[in-house]
Amino acid sequence: MSTYTQIMYHIVFSTKNRVRCLTADRREDLFRYIWGIVKNHQCHLYRINGVEDHVHILSSLHPTVCLADLVKAIKTGASRWIRDERVFAAFTHWQDGYAAFTHSMTDKDRLIEYIRNQAEHHRVRSFEEELARLLKEAGVEYDPKYLA
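Heads up, the sequence shown is in this note's numbering, so the first residue is 42 and it goes up one at a time.
Any given hint could turn out to be false.
Derived PhoX-like pairs (lysine-lysine); straight-line CA-CA distance at most 20 Å [unchecked claim]:
hint, residue 1, residue 2
1, Lys80, Lys116
2, Lys186, Lys57
3, Lys149, Lys80
4, Lys80, Lys113
5, Lys57, Lys113
Here are the simulated distance ranges between beta carbons [as the list claims (entries may be wrong)]:
hint, residue 1, residue 2, range
6, His144, Cys62, 26 to 32 Å
7, Ala114, Arg61, 20 to 26 Å
8, Ala131, Thr105, 35 to 41 Å
9, Lys186, Ala114, 24 to 30 Å
10, Ile153, Arg61, 20 to 26 Å
Hints in this document: simulated from the structure, not taken from any laboratory.
All values derive from a computational prediction rather than experimental measurement.
For glycine and all other residues, C-beta sits at the position ideal for the given N, C-alpha and C.
Using the sequences and the accompanying hints, generate a full structural model.
So, in structure tokens, the structure goes:
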């Protein structure tokens, strides 16, 4: 029998201490680099976007790829690219950990729009407020002290 899966994740992670260092002038280059990492892991990137202090990724997950390994590859590879290219001068590291939520394909278009409109969302909502809402909607228990 063949393997049939459909695993779509909304992945979110931020810069260390939420430093607002992912400047708009090079953010698209960072997103293209991350897209390459996702593609090299045989996953499909539906959408990537973010603002100065965090990144959102909507991606399928190949059945041979572990989520933690993909996120580690993204964060490690992107950190190396940032240092090698000398972009985002204030960037030191990504935060420890990440948030990831599984979604049905019926949610795909809505999530693509949500991720595409990050700048608009963050005119009225902080990253901490956004993450708390995402966690609550997904039914994930969390300690608010770890969102600050």
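Here is what the structure says about each hint:
Annotation: proposed proximity of Lys80 to Lys116 holds, straight-line Cα distance about 15 Å (limit 20 Å). Distance check on the hinted pair: Lys186 and Lys57 sit about 15 Å apart at the alpha-carbon level, within 20 Å; holds. A threshold of 20 Å between alpha carbons decides the hint, and for Lys149 with Lys80 the separation of about 18 Å falls inside it, so the pair holds. The suggested pairing of Lys80 with Lys113 holds, with an alpha-carbon distance near 14 Å, which does not exceed 20 Å.
The suggested pairing of Lys57 with Lys113 holds, with an alpha-carbon distance near 15 Å, which does not exceed 20 Å. Separated by about 29 Å at the C-beta atoms, His144 and Cys62 satisfy the suggested range of 26 to 32 Å. The supplied range of 20 to 26 Å is met by Ala114 and Arg61, whose beta-carbon atoms lie about 25 Å from each other. In this structure the hint that Ala131 and Thr105 lie 35 to 41 Å apart at CB holds, the actual value being about 36 Å.
For Lys186 and Ala114, the Cβ-Cβ distance of about 29 Å falls inside the hinted range of 24 to 30 Å, so the restraint holds. Ile153 and Arg61 have their C-beta atoms about 24 Å apart, which keeps the hinted 20 to 26 Å range intact.
The structure agrees with every numbered hint stated previously.
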